Structure formats: structure tokens, C-alpha cells
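Listed below are the residues making up each chain.
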Amino acid sequence: MTPDNAAQPSSESPTNAAPTNAERFSPLHQAHVDAGASFTDFAGWQMPVRYSSDLAEHHAVRTGAGIFDLSHMAEITVAGPDAGAFLDYALAGKLSAIDLLQAKYSLILNPAGGITDDIVVYRTKAQEYLVVANAGNRFQAFEALSARSARFDVTVTDRSDDVALVAVQGPVSRAILESTAGLTVDGDLSELKYYRALAGRFRDGAVLIARTGYTGEDGFELYLDVPDAAALWDALRAAGEPVGLVPAGLASRDTLRLEAGMPLYGHELSVSTYPAQAGLGRVVNLAKETDFIGRAASEEGPSADARVLVGLVAEGKRAGRADYPVYRSADAPVAEGVITSGALSPTLGHPIAMAYVAPSLARPGTEVFVDVRGTRIPATVTQLPFYKRQK
Amino acid sequence: MADKTELQYTAEHEWVQVDGDTALVGITAYAADKLGDVVFVELPEVGSTVAAGTVVGEIESTKSVGELFAPVDGTVVETNDAVVDSPELVNSDPFGAGWLLKVTFTELPTLLSYSEYSALVGE
Numbered sequence: 001m002t003p004d005n006a007a008q009p010s011s012e013s014p015t016n017a018a019p020t021n022a023e024r025f026s027p028l029h030q031a032h033v034d035a036g037a038s039f040t041d042f043a044g045w046q047m048p049v050r051y052s053s054d055l056a057e058h059h060a061v062r063t064g065a066g067i068f069d070l071s072h073m074a075e076i077t078v079a080g081p082d083a084g085a086f087l088d089y090a091l092a093g094k095l096s097a098i099d100l101l102q103a104k105y106s107l108i109l110n111p112a113g114g115i116t117d118d119i120v121v122y123r124t125k126a127q128e129y130l131v132v133a134n135a136g137n138r139f140q141a142f143e144a145l146s147a148r149s150a151r152f153d154v155t156v157t158d159r160s161d162d163v164a165l166v167a168v169q170g171p172v173s174r175a176i177l178e179s180t181a182g183l184t185v186d187g188d189l190s191e192l193k194y195y196r197a198l199a200g201r202f203r204d205g206a207v208l209i210a211r212t213g214y215t216g217e218d219g220f221e222l223y224l225d226v227p228d229a230a231a232l233w234d235a236l237r238a239a240g241e242p243v244g245l246v247p248a249g250l251a252s253r254d255t256l257r258l259e260a261g262m263p264l265y266g267h268e269l270s271v272s273t274y275p276a277q278a279g280l281g282r283v284v285n286l287a288k289e290t291d292f293i294g295r296a297a298s299e300e301g302p303s304a305d306a307r308v309l310v311g312l313v314a315e316g317k318r319a320g321r322a323d324y325p326v327y328r329s330a331d332a333p334v335a336e337g338v339i340t341s342g343a344l345s346p347t348l349g350h351p352i353a354m355a356y357v358a359p360s361l362a363r364p365g366t367e368v369f370v371d372v373r374g375t376r377i378p379a380t381v382t383q384l385p386f387y388k389r390q391k
Numbered sequence: 001m002a003d004k005t006e007l008q009y010t011a012e013h014e015w016v017q018v019d020g021d022t023a024l025v026g027i028t029a030y031a032a033d034k035l036g037d038v039v040f041v042e043l044p045e046v047g048s049t050v051a052a053g054t055v056v057g058e059i060e061s062t063k064s065v066g067e068l069f070a071p072v073d074g075t076v077v078e079t080n081d082a083v084v085d086s087p088e089l090v091n092s093d094p095f096g097a098g099w100l101l102k103v104t105f106t107e108l109p110t111l112l113s114y115s116e117y118s119a120l121v122g123e
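Top to bottom, those sequences are chains P and B. Numbering-wise, the first sequence is residues 1 to 391 according to our numbering. Numbering-wise, the second sequence is residues 1 to 123 according to our numbering.
Since the hints were derived computationally from the structure, they do not count as laboratory data. There may be inaccurate statements among the hints.
[Stated by the list, open to error] With a Cα cut of at most 16 Å, we get these calculated EDC-like pairs of lysine to aspartate or glutamate:
#	chain 1	residue 1	chain 2	residue 2
1	P	Lys317	B	Asp85
2	P	Lys317	B	Glu88
3	P	Lys104	P	Glu128
4	P	Lys317	B	Glu58
5	P	Lys193	P	Asp218
6	B	Lys102	B	Asp21
7	P	Lys317	B	Glu42
8	P	Lys391	P	Glu191
9	P	Lys94	P	Glu289
10	P	Lys317	P	Asp371
11	B	Lys102	B	Glu78
12	B	Lys102	B	Glu45
Note that this is a predicted model, so its numbers are computed, not measured.
In isolation and in its complexed conformation, chain P is listed as follows:
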């Protein structure tokens, strides 16, 4: 038996990571070792892939709660009188329009309209924003923002090494945060809306508590400075233990986000992907009055025959996986699509995948065939997401 890692890239493998020499470890590494985690390389970081069972961790997030260490992600602050105007120029969205303590999903486009990174931006002060970038794109994101800031009165700072990120995700997440010793919140978590944040404190340090996540469940992401991160992790775990909170690794995070139809950079998104192809056209604000990097290319859009991102569902248990070709028929000679992420859905019990396919195959209900290691298996195009939580 050989886990076929060469032919089957791990879902964590970033495709445009900057070269890194040394392995990096999360500030929570020892807690993961103590919890019995298995580790995987993610953009040069040794991060927990699972603690005991990735399926159990997945189900815990859907039914109870899971806690994730996401300290490998990149945090870049943008501060100064021009912060809003700068981000309107540097990013696809209109960040000057968001409220204090509001979050917004956005994109760093390149001049050709391709996606340099997908990010979440928080307005932390009137003239300060926090940009959260993918770990594998840390340097590309920082370089792009720095280079674009020249004519603006802003300071762009890469704080990734100083900031830890812990996510608590699942239907009982709020109760866990409310009972965590030492964590205080400037406001009421029960009234905190999705993609909004509150300031808080853990012990003597500041914490940004955001109702955001990457699992398709209710949940929170907590940003704080590294020195207090391990203590916060322990306090959250202690508060969550009575209600079934489990530490959850990147394997479950990947199946959770796939079920929720959320793209992963390096799989669904790349520098050669237009947002419109990925179903992210709404993220590019062409109504913005001001110019922004990638605007002209975005207005032109991808060619009419550019492949588009769709969901695929199939019967049985054999899942199509990243890089498997998609065909129009059981005997078509030429592939007209390719899977970017796929797995046997733990929640739904059948195979699901995201794939880029020719526009003529993109209509929901279209039957296609996935080449699963030499066998063409029928699949049906469907709308994303595959899973939506009951509210």
C-alpha cells in the first residue's frame, strides 16, 4: 500500500508558495503534540492534519464544535489616513465602504485580472484594516500591497509572525466563547452578525473576535498576539470540553470548506483564474468610482469559452479528486474539464467535487463523466454549495 501522494496532491499543497528553507511551527505546536496530532506541511508550516479521526472532527464541527489552529495564515495591517482609499485601489472590493469591525471577503487581483490571493479584510479602526491572506501567498500578498501603496499615505505591515489565529466553529461555538475563562468581549456575541467582529481581551492582551469561518457553520475566529495564544487555546478547550469541542485538523477543514462550496487558493483559485470563472464576479466591484488593479481586465472578463467552476455530485463511494479529468460522455476523446477539489462528503455520504468545465457543460443537471484512475464514473453538475446549514 502506498499513499499516492505524488499523483494525488494533498489538498493542503499550495501551488505558489514562496520557497521556504526551514520548517515553521505554530505558536501552539506543543499543544498539538500533546493532543496527539499528526502533522502535515502547509506552505512550509508543520500544521495538524488530524488529531485522531478527520471524519470525527468533521462531524464534530457540523453537530457541536471544533477548534482549529490557523496561525499559519498571514496577517497584514494597513494603517493611515488613506487606508480605505488605498484598499479600494489595491483590492477588487470597496473596502472604504465597510463599517468599523465589519469584515469583507475580497481579492487581490493582478493587472491581468487573475487572482493573486483571496483574503478577508477587517476594518479594525477608522483608519486601520487587517488583511488576512493565505499562508502560501503571504509574500505575494504583502509584496502586492506594498508595491501598490506608494502614492498613498498608509503603512503596510506584515504582522504574520506576531499574530496567532484560533477558530472555533460549529453550532455550539458561541456558548463556548461565552464560558471561556479570561476572555471578555466588548459587546454581546449573541447579537454579533456574520462577518462582523468585536474587540475583546484575553487576560491582558487584545483579541479580535470575528464571526467568520471556512466551514459552512456558525463560528468565530480569534486573532491575538502570539504570547497569549497557547493559553487561549487551552482556555477555549477547557470551556468547550463539556459540550464536545474537539481539536480539528486541516483534513477536516478541507472537507468542511468543500461541502460549503468555498474555494481554496491553489485549487479553485490561481493567478490565471478570473474571478468570474470561479463564481466570484460579485466580489469584483466594477461599480466602484475609482480605478483598481485588475479593473480593465475584469471589465473585459474571461473569454466566452473560458471554463467555469461548478459542483459535481456522484453516486457510490469513489470520489473524483483534484486533477482528475472531466468528460462530456463515457467515450469522449478529449477532456472538457478538470476537478480541483473532491472527496467523499462526510456529511452527505456521496462523492462531491468542484471542477472547472466548459461553459456548455456548466448548466446544473448536466451529466458528465469523471475519469477516476482509468474508469469513467458518471457525475451530475450541481449548484454550489453542496451543504448549507439550517439557520
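For this one, chain P is given, so just place chain B on it according to the hints.
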């Protein structure tokens, strides 16, 4: 559950328990852990002829796909239906209820001892 120290092993992380001319085959706990939760197992047909080192089945987890190699030349005489119905047995009891297939052979190739396999996986 078999005594791991009495089993023989392959470099492809399979274990072999020899009983006369029959080899009982499974994957090691090391391999099961590396795969993560196994969700699908495909095994060869009973009666099929297999050649050592060739792919005879697949073991899929949520994260990846592993190929199952025949450790010996021979004929498949039994496969574990229980593991097809409940692939999680590969994780919960890889050396016992998670066995995969039984093959009759005429000649046993050189396999690894427990200590040699342990050294291979660094345990």
C-alpha cells in the same frame, strides 16, 4: 489480532501472515494512520490471479488514495467483505478485523521482518 512481531512485511506497508500455502494480507497501522479515515476499499475478485508487486486494489481515505499491491504471486481465495462494508475497520483494527485478502501461493518471496519493517518506518 495477529502478533505484529510474528508477521512479515513489504516496503509498501502491507503485512503478510503466512499459514502453509496461504498468505493473509492487510495494511499496517502506520499506513492506516498516514491515510487517515478510510472511506472506500476496493479488493480483487475471488479467484483472480495476482502477481507480486502489481496493483490489485485501492484504499481511499477522505484525503488520499492508496494502492494495494499483491505481496506474492498467487490466487485470491478470499476477500474481507466486512471491510468493504465498513472501511473504518482498516483504521480501528488494521492487523485484525481490517485484514483485506487471502492469497494462495507456491513460492514466498523475501519479505521484511518486524524489526526490518520497524526500521523502515522509523519506529
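Hint by hint, here is what the structure shows:
For the suggested pair Lys317 of chain P and Asp85 of chain B, the alpha carbons sit about 11 Å apart, so the restraint of at most 16 Å is met. At roughly 13 Å between alpha-carbon atoms, Lys317 of chain P and Glu88 of chain B fall within 16 Å of each other, so this suggested pair holds. For a cut-off of 16 Å, the pair hint linking Lys104 of chain P to Glu128 of chain P stands: about 14 Å separates their Cα positions. The straight-line distance between the Cα atoms of Lys317 of chain P and Glu58 of chain B is roughly 12 Å, inside the 16 Å bound, and the hint therefore holds.
Distance check on the hinted pair: Lys193 of chain P and Asp218 of chain P sit about 10 Å apart at the alpha-carbon level, within 16 Å; holds. Between Lys102 of chain B and Asp21 of chain B the alpha-carbon distance is near 10 Å, which keeps this suggested pair within the 16 Å criterion. Distance check on the hinted pair: Lys317 of chain P and Glu42 of chain B sit about 10 Å apart at the alpha-carbon level, within 16 Å; holds. For the given pair, Lys391 of chain P sits about 15 Å from Glu191 of chain P by alpha-carbon distance, which is consistent with the 16 Å threshold.
A threshold of 16 Å between alpha carbons decides the hint, and for Lys94 of chain P with Glu289 of chain P the separation of about 9 Å falls inside it, so the pair holds. The suggested pairing of Lys317 of chain P with Asp371 of chain P holds, with an alpha-carbon distance near 14 Å, which does not exceed 16 Å. Between the alpha carbons of Lys102 of chain B and Glu78 of chain B the distance comes to roughly 5 Å, so the proposed pair stays at or under 16 Å and holds. Taking the CA atoms of Lys102 of chain B and Glu45 of chain B, the gap is near 11 Å; set against the 16 Å cutoff, the hint holds.
Taken one by one, the earlier hints all hold for this structure without exception.
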